[in-house]
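*Asks:* The listed protein sequences correspond, in order, to chains R and G. The C-terminal position of the first sequence is numbered 313 in the working numbering, with every residue numbered one higher than the one before it. The C-terminal position of the second sequence is numbered 293 in the working numbering, with every residue numbered one higher than the one before it.
These are calculated hints, taken from the structure and not from any lab test. Model, not experiment: these values are computed from the prediction. The beta carbon of each residue, even a glycine, is placed where N, CA and C say it ideally should be. Don't take each hint at face value.
[As the list claims (entries may be wrong)] A few chain R residues that face chain G, going by a derived Cβ cut-off under 8 Å, partial list only:
{"id": "1", "residue": "Asn-21"}
{"id": "2", "residue": "Pro-30"}
{"id": "3", "residue": "Leu-35"}
{"id": "4", "residue": "Phe-146"}
{"id": "5", "residue": "Leu-151"}
{"id": "6", "residue": "Gln-153"}
{"id": "7", "residue": "Leu-157"}
{"id": "8", "residue": "Pro-179"}
{"id": "9", "residue": "Gly-267"}
{"id": "10", "residue": "Leu-296"}
{"id": "11", "residue": "Tyr-300"}
{"id": "12", "residue": "Leu-302"}
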Amino acid sequence: MAVPVVTAPPRQAPPDRERRNRLWAVLAAPGILWLAAFFLFPLYVVLCIVFGQIDPLFRTPIPVWNPLQWDATQFTYVLSHIVGENGVYGPAILRTFIYVLVASALCLLIAFPVSYYVARLSGKRKGLLLALLIAPFWISYMMRMFAWVNLLQDDGLFNKVLSLGGFFTPDVKWLTGQPVVVILGLVYGYVPYMILPLYAGLDRLSQPMLEASRDLGADRLSSFWRVTLPLCRPTMVAALLLTCLPMLGDYFTNDMLSASPKTTMVGNLINDGVQAPGQTGQAGAFVMLVFLIALLPMLYYLRSVTRGSEVSS
Amino acid sequence: MRGPVAWWNNPWRPPRFLIAITVGYLLWSLLPVLIAVLYSFNAGRSRTTWQGFSTRWYWGDQTLSVWHNDALHTALLQTLKLGLITTLITVPLGTLFAIGIDRWRGRLPNGANFLMLLSFVLPEVLLAVALLFVITTVAVPIDLGTTAQVVGLVTFQVSYPAVLVRARLATIGPQYEEAAMDLGASPLGALRRIIVPMLMPAIFASTVLVFADVIDDFVLVRYLSGDASTEPVSVKIYNTARAAPTPALNALATLLLAAALAAVVIGFLIYRYMTRSDTTTRDRGIGAFAGEV
Numbered sequence: 001m002a003v004p005v006v007t008a009p010p011r012q013a014p015p016d017r018e019r020r021n022r023l024w025a026v027l028a029a030p031g032i033l034w035l036a037a038f039f040l041f042p043l044y045v046v047l048c049i050v051f052g053q054i055d056p057l058f059r060t061p062i063p064v065w066n067p068l069q070w071d072a073t074q075f076t077y078v079l080s081h082i083v084g085e086n087g088v089y090g091p092a093i094l095r096t097f098i099y100v101l102v103a104s105a106l107c108l109l110i111a112f113p114v115s116y117y118v119a120r121l122s123g124k125r126k127g128l129l130l131a132l133l134i135a136p137f138w139i140s141y142m143m144r145m146f147a148w149v150n151l152l153q154d155d156g157l158f159n160k161v162l163s164l165g166g167f168f169t170p171d172v173k174w175l176t177g178q179p180v181v182v183i184l185g186l187v188y189g190y191v192p193y194m195i196l197p198l199y200a201g202l203d204r205l206s207q208p209m210l211e212a213s214r215d216l217g218a219d220r221l222s223s224f225w226r227v228t229l230p231l232c233r234p235t236m237v238a239a240l241l242l243t244c245l246p247m248l249g250d251y252f253t254n255d256m257l258s259a260s261p262k263t264t265m266v267g268n269l270i271n272d273g274v275q276a277p278g279q280t281g282q283a284g285a286f287v288m289l290v291f292l293i294a295l296l297p298m299l300y301y302l303r304s305v306t307r308g309s310e311v312s313s
Numbered sequence: 001m002r003g004p005v006a007w008w009n010n011p012w013r014p015p016r017f018l019i020a021i022t023v024g025y026l027l028w029s030l031l032p033v034l035i036a037v038l039y040s041f042n043a044g045r046s047r048t049t050w051q052g053f054s055t056r057w058y059w060g061d062q063t064l065s066v067w068h069n070d071a072l073h074t075a076l077l078q079t080l081k082l083g084l085i086t087t088l089i090t091v092p093l094g095t096l097f098a099i100g101i102d103r104w105r106g107r108l109p110n111g112a113n114f115l116m117l118l119s120f121v122l123p124e125v126l127l128a129v130a131l132l133f134v135i136t137t138v139a140v141p142i143d144l145g146t147t148a149q150v151v152g153l154v155t156f157q158v159s160y161p162a163v164l165v166r167a168r169l170a171t172i173g174p175q176y177e178e179a180a181m182d183l184g185a186s187p188l189g190a191l192r193r194i195i196v197p198m199l200m201p202a203i204f205a206s207t208v209l210v211f212a213d214v215i216d217d218f219v220l221v222r223y224l225s226g227d228a229s230t231e232p233v234s235v236k237i238y239n240t241a242r243a244a245p246t247p248a249l250n251a252l253a254t255l256l257l258a259a260a261l262a263a264v265v266i267g268f269l270i271y272r273y274m275t276r277s278d279t280t281t282r283d284r285g286i287g288a289f290a291g292e293v
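Next comes chain R alone, as it looks inside the complex (with noise of 0.2 Å):
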């Protein structure tokens, strides 16, 4: 008699990792090739041609693509005409760094206070002010510039407020060339990418941790002092540099509000040797400038932000 022989089914291999790694890496190439093509390809563009040659007759860039043959004279003269008495690059520099700095500053001041409040005591007109607060963030920057320029106009409702009554008639053009005025434009610009990072962190803020402290004999000021801060510490450095490193480029504040040379920024002087013939090798010493500054704080925020990314997944 036969026995009949079940065979087994045969088993169907896992599809290994070789060919399924193969799968991601087909899903992943469009955009590798896309950021390849135009993100790293023209930062290298930009390096060829600040290290390139100019052409004597039509005064165009000519490009050098082989780093054997570079020739660092357009990035010198950039860098020698910073300091020392040729130094007419040296003013701009330092002012973006001091406007940077006093923008930045008050842009803290402004938004911890309003994200604390609004993420931590303002109850349930939370989702109200939130919306609120992300407002300025859909509203084209050039649009809250030209609401600025028309507020500021010598006929303009600012100083319409100020010589209300009579007591004094400001006779104050806003808009030439008035450092003050450059800087409150930054800040109002910049700070709204400020508080969405500073109240999610403050949201996110561990309750348990400061009903510790409390219960550990800390009071208001000093849980505030000793927990809060030091906890959203991270956050605020996040912060800051999500609102500097834009800064560092601007330009347009400073053109729709100032338009005059005594407040250029090194934005300024991108945007102006882009645009004239003969210097698009400076401008391009400039922007590997702003690049080289901006690159270690752009390097400690992506640090900080993918390592918070392991800790909470």
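On the provided structure of chain R, position chain G as indicated by the hints.
*Replies:* Then chain G, alone, in the frame of chain R:
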């Protein structure tokens, strides 16, 4: 009697100081824009003196209004065109990139991820100048104008969907996909039938965010615009703000504002509907939608 010490120690004391700062900040941040919107309805040419209500600067004026002036409505159409095309390219590109990078282990994907995050924080003006150099000095088949603007905007925005989708993938976890594959689905099938539907809220949110961000963009679109016909609204505002414009410019800016806010509000309502039964996003509210990851 309640002295100042009792007042200070009262834990139920309303935080008046913080309320004052918050209200003051909100007024300061929103009133100037509201005033600019108000003056777009001014009957006269002035942007500083109120001369009565009219819709003259939207369509009433035969030559200068947004509706009748070629330069103004070209700018508005260009803005919306850039927003649509860029969003259509950016969102699939970023989503696939995020899924691939999330699973693919190795040095190359790590480098690509770093590059993507770098493009997220790089000052925009640097990318704009670099792309302008590429187009003007290297023989590439891209001309300044809409194509160049779209290329630049996609590069700058692609990190938005990528970051949002990766964050969502982290909250979903591997268990659903593993269950599907234990039940016989191929990796691609599990991706298509399990993961992509679960990712839909994040994909949708990034669509809205990218669109609203692109139509507000200024730096990239200005450097990469070819001529006046490819200059969108933000560039128009920049070019004419200091040159005695009429309230038609306010009207143009108001229309842009309305487009962005409508996209975000409608998007948020749809997003809430999509995530109505999802416990991981319920308590995040509007914050989850604003790219807070």
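*Asks:* Work down the list of hints and note, for each, if the structure agrees.
*Replies:* Here is what the structure says about each hint:
1. Of the supplied interface hints, the one on Asn-21(R) holds, with its beta-carbon coming within about 6 Å of a beta-carbon of chain G, less than 8 Å.
2. Of the supplied interface hints, the one on Pro-30(R) holds, with its beta-carbon coming within about 6 Å of a beta-carbon of chain G, less than 8 Å.
3. Below 8 Å, beta-carbon pairs count as interface contacts, and Leu-35(R) has one with chain G at about 5 Å; its hint therefore holds.
4. For Phe-146(R), the suggested interface contact is upheld, since its CB lies about 5 Å from the closest CB of chain G, less than 8 Å.
5. The beta carbon of Leu-151(R) comes within 6 Å of a beta carbon in chain G, closer than 8 Å, and the hint placing it at the interface holds.
6. Interface restraint check for Gln-153(R): the shortest CB-CB distance to chain G comes to about 5 Å, inside 8 Å, so the restraint holds.
7. Among the interface hints, the one on Leu-157(R) holds; its C-beta lies about 7 Å from the nearest C-beta in chain G, closer than the 8 Å criterion.
8. Checking Pro-179(R) against chain G: minimum C-beta separation of about 18 Å lies over 8 Å; hint violated.
9. Annotation: interface hint on Gly-267(R) holds; nearest CB of chain G at approximately 6 Å, less than 8 Å.
10. Restraint check, Leu-296(R) versus chain G: the minimum CB separation of about 12 Å is more than 8 Å; hint violated.
11. Taking 8 Å as the C-beta contact cut-off toward chain G, the hint placing Tyr-300(R) at the interface is violated, the least distance being around 10 Å.
12. A cut of 8 Å between beta carbons decides the hint on Leu-302(R): the least distance to chain G is about 5 Å, and the hint holds.
In terms of the numbered hints stated before, the structure departs from hints 8, 10, 11, listed from lowest to highest.
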